[in-house]
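Participant: Protein chains in written order, with the working numbering: chain A, 1 to 454; chain B, 1001 to 1419; chain C, 2001 to 2219.
Treat the hints with care, since some could be wrong.
As the list claims (entries may be wrong) - Using C-beta positions, here's what the derived DEER-type ranges look like:
(1) A:Pro23 / C:Ser2075: 39 to 45 angstroms
(2) A:Glu98 / C:Ala2032: 26 to 32 angstroms
(3) A:Glu190 / B:Ser1020: 26 to 32 angstroms
Stated by the list, open to error - Derived pair list, reagent style PhoX-like, types lysine-lysine, alpha-carbon separation capped at 25 angstroms:
(4) C:Lys2068 / C:Lys2139
(5) C:Lys2139 / A:Lys101
(6) A:Lys101 / A:Lys58
(7) A:Lys327 / A:Lys442
(8) C:Lys2036 / B:Lys1253
(9) A:Lys304 / B:Lys1330
(10) A:Lys324 / B:Lys1368
(11) C:Lys2099 / A:Lys93
(12) B:Lys1368 / A:Lys58
(13) C:Lys2139 / B:Lys1290
(14) B:Lys1253 / C:Lys2038
(15) A:Lys412 / A:Lys394
(16) B:Lys1290 / A:Lys325
None of these hints come from the bench; they were simulated from the model.
We put the CB at the ideal spot given by N, CA and C, even for glycine.
Now for the letters of each chain:
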Amino acid sequence: MTETVIRSRKIKEKKRVYPPRRPVPDLGLDKGAEKLTPERIESTIRSVLDNETGARLKVYVDTCAHCGLCSEACHFFWSHDGDPSYSPAGKVKQTISEIVKKKGKVDADFIRGAAEIAYTECNLCRRCSMYCPFGIDIAYMMLTVRRIAHLLGVVPQYIQDTAHSHSATMNQMWVKDDEWIDSLLWQEEEAAEEIPELRIPLEKEGADILYSVIGPEPKFRAQLIYQAAVIMHEAGVDWTMPATPGWDNSDMCMYTGDNEMMGRLKKVHFETAMRLKNKRIVMGECGHAFRSIFDMGNRWLAWKMPPIPVTHAIEFYAELFRDKKIKVKKKFEKPVTLHDPCNIVRGRGLHEMARYVVNEICTDFIEMHPNREHNFCCSAGGGVINTGPPFRNKRVEGNRIKAEQLFAAKSKGAQVVIAPCHNCHGGLEDIIHHYNLKMELKFLGDIIYEVMER
Amino acid sequence: MNGMHGWDWEIGRREIADLSRWKAEYKAVHETCVSPDGERIAAPVRTGETEFGLCENGELWEGEFDKVWYARYTPDGRLTALVSEMGEWTLAVDGAAWEERFEFLWDPRFSKEGGHITAVGQKGRKYYAVTDGVPWEEGFDNLTNLTQSPDGSHAAAAVQIIPMTEGEIFKFQAGVYTVAVDGQPWPRNFVNVWEMSFSPDGKRVAAEVRINLYDYTIVVDGVPWDTVFKTVWKPVFSPSGDEVTAPVRANGKWTLARNGALLWKRGYTQLWHHAYSPDGSKIAAIVAPKYGRWTVAVDDTPWNLTFGDLVTDLVISPDGGRAGCVGKEKERWSVVVDGKRWYGDYDMAWGPVFSADGRRAAAKVETKKTYGILLDGKPLPEMDGFEVLWSPVFSPDGDRLLVRGIREGAYIREVISIS
Amino acid sequence: MHTLYNLVSGPLVWVAFILFIGGSLYRIITMAILAKEKDGAVYAYMDTYHAFRSIYHWIIPFGSRNMKRKPIMTSVAFVFHACLILVPIFILGHVMLWKESFDIAWWYMPDLAADIMTVLVISACVFFLVRRLTQPEVKYLTTASDFVLLGIVAAPFITGFWAAHQWPGMRTALILHMLSGEIMLAAIPFTRLSHMIFFPFTRGYMGSEFGAVKHARDW
Ligand code: SF4
Ligand code: SF4
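Model the full assembly from the supplied sequences, consistent with the hints where possible.
Facilitator: Dropping the structure here:
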């Protein structure tokens, strides 16, 4: 399977005929579609179109000039040699345009196909909004398709399971309340072996900062909590972590289309900070969670902006370096490159700050191209990686362009890829492996922990 | 709190403990807590490399633990903390640990008067509610949203009663959760069970549930309302216990529903955390009358004063006549009572406290990491500059105020006259 | 023939203008009301400065990254849109009609310029047609209506050129010119040509979301 040679193909070599799509078997999509009736499809779609969407969707559908200029924004389009069915507007054509045109009179097969496109072939990365002259929000349209698919119960199994976990435990990974506290106490103990006075202060009312993480951290990446605790400790900040649900800032319900659950998750999260009287929430290196608390979940709840300000790890690190709260002992010497995560670059403009932090901690920084707002998505975002193993190959093959991008950076000497986002991490790990790129992958926190004075 | 009459209400200031001495004595002093009457202060302290103890008014509890955290006083003034020894957890109350040990024990709750304590315990991967050291007879695969009856003699929680492994999406959608009251599960399962409330007499329970992935409703003693909604928030019993109300989302707007029927006429962009006045005649709730503006509505009439960032900590005075909250606009926090913003904006503000007759109100506020008190809308002179401060407490007659705070490393208990 | 001429040069002009202006207003107003009801976010996050910042970058040629990446398409599209708007307004024939009917007049362009610009519009239409037929990603999106719209846009220019140069059948060409011009005007609010009226809103909204909320550029 591994493609050792990366061909830097230009889309100029477009093909005339592209291989037909074959549906990827998935329990959630297949079983879900089986249960559909034409009446349910139509009434559900009508209710979404009538009650939940409005002028935005109408104007987008009417305004699209079918010019195709958005195509080259999308990594799926590039990676499939210019297959137009993977272009942003192409995906719209196969899904929501048809749904709107037929006013919901579409069949179960169509819904299944549309769901597969919306859940697994679009990362909601919003790059295309920067390429469409009209600024048509394709991601919003794909989310509308997902909303319909959610209401029809046609959602890929793995991400649906994650959404269930969110609803039952208020976190992404079925972490039970005691397991959460226990893992914090355990990380505190581990860290105390290195720094005896180090603490992870739990439930500290009035602390300046509530530090929040994503579900997989206590489960699979506990060392990140450890590193964060060391950074907090050395920087001498007044922080806390909650010992209740609400600690998890992640949100797959936002991506399945379960908006009601998205709202519930964000309510619990923000109310945890309000209960603990924290002035702001600092979150770990995660992109989608930032989107969820910064401009999706809060909006569903009628908070125009996050009620408690949210600081992404990059901003936080930049602040610590600027205020000289942490000092670097010896910079990281391996040449690094930086992947700009969509949700905090197009979603928050943190690209220059990220570069500032990288330069504070690394000696040799090699840019990858295109970069900043124009960076290509990792193809894991938008919940795509959470659709799990069935769609893994599709996701990785759908992002050959990223491998080419990484390979180009590697050719210039980069050995380490910094990806300050959990999803990007997962996505790039698979890409590096699949395309045999042999590059190391790190969070900013990994390097800061390594190079800081302590 | 009935015991309040017995507290020392003599006007004057007493230094109870010198925390700088604690800091010199122990390797580490964690977050402090104070007794309701202000006579005692306690904190977990690190006594050795890996040994912890609990220090109260300068004296160490007997015994050392591998871990001590979550030190809290009960409303009746008993000091509690979660403690672990040899990998086992329990709750220590006034120096004596519950006999029953758990693989993990957490989230202790105290009843209103403080008589009963309930926590969640886990043993052998089974989850129990544990009241005063006694766990439910049967454990569950999971237990969340622990809730106590007002007097603490009953406990309820959302429990998982059908085992399920990750990925079993259809099993989950068929419903594996329900409510257990005093260990007894309701006969019907739900897709999700979230927050719940007891009736004032502790005999009934209402819970918010999702009956499939799309329909939400309120279930009272196992029986769902006839109507379903797009979403609901936590239900509350009326003080008489006859009625259940809950915020519901219907026709794209939030409103309040009673026993399944819409109660309030106005629709809101958001509505939550509703509360009754003690006589049940009024209901107040935190609302967003329009997108991005927040306030409190009393009996479906929102205050004119609104906030852009948030409104939280809705409090109703004990006599039911007044309501207060905390609001934030452009990152500045203010205290609000009866729709009027109190003097000043702060780095942080705490929900106001009322005197028993509702005439007086006070709140704790923070400016640049120092804390002060507002009384009836204005800063209380000389009651600022605290390094740590707890919310003030009114004397039963409302003429005096008990202030508990730390200044220059010393914990001070002071009673001032406010008449 | 004469009555037909009278019809297209008289009442139908009024009809076309009423449909164009009234229709555009109708579309904008109904959408604004609908947005108010259903898409509160559009109003909550619209931000004048960032909206115009984005619009600015998208109306000047080569103002955005994608425009720079596609110089030919950008040049053609820009020339096309500019000529499409300028020619009908400033061509001598039209200015005279305004003068005769309403006694108002403005600057008009020399005939040669008008000729060149008309040819440019027609050539651009051919370019778009070829693009639609040959570029897979454009072809894939293309529906019959796209060809019809291209025809509707090209027609008044072809017929106008014909009539202006007094080629054989010029009278028919003139009638067709007026008729097709009227059709185009009337079609703007009710077809995909409405991108003309909605551009400032969609672009402005995206510019506001990117600029004011997300602190990023969208060009
Ligand atoms: S993956 Fe990104 S660029 Fe591609 S269609 Fe989705 S939002 Fe647009
Ligand atoms: S660039 Fe915009 S207008 Fe053109 S096809 Fe894509 S979405 Fe439609």
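Participant: With reference to the structure, classify each hint as holding or not holding.
Facilitator: Taking the hints in turn, this is what the structure says about them:
no., hint, in the structure
1, A:Pro23 / C:Ser2075: 39 to 45 angstroms, "holds, 42 angstroms"
2, A:Glu98 / C:Ala2032: 26 to 32 angstroms, "holds, 27 angstroms"
3, A:Glu190 / B:Ser1020: 26 to 32 angstroms, "holds, 30 angstroms"
4, C:Lys2068 / C:Lys2139, "holds, 22 angstroms"
5, C:Lys2139 / A:Lys101, "holds, 19 angstroms"
6, A:Lys101 / A:Lys58, "holds, 11 angstroms"
7, A:Lys327 / A:Lys442, "holds, 20 angstroms"
8, C:Lys2036 / B:Lys1253, "holds, 14 angstroms"
9, A:Lys304 / B:Lys1330, "holds, 12 angstroms"
10, A:Lys324 / B:Lys1368, "holds, 20 angstroms"
11, C:Lys2099 / A:Lys93, "violated, 47 angstroms"
12, B:Lys1368 / A:Lys58, "violated, 49 angstroms"
13, C:Lys2139 / B:Lys1290, "violated, 45 angstroms"
14, B:Lys1253 / C:Lys2038, "holds, 12 angstroms"
15, A:Lys412 / A:Lys394, "violated, 28 angstroms"
16, B:Lys1290 / A:Lys325, "violated, 41 angstroms"
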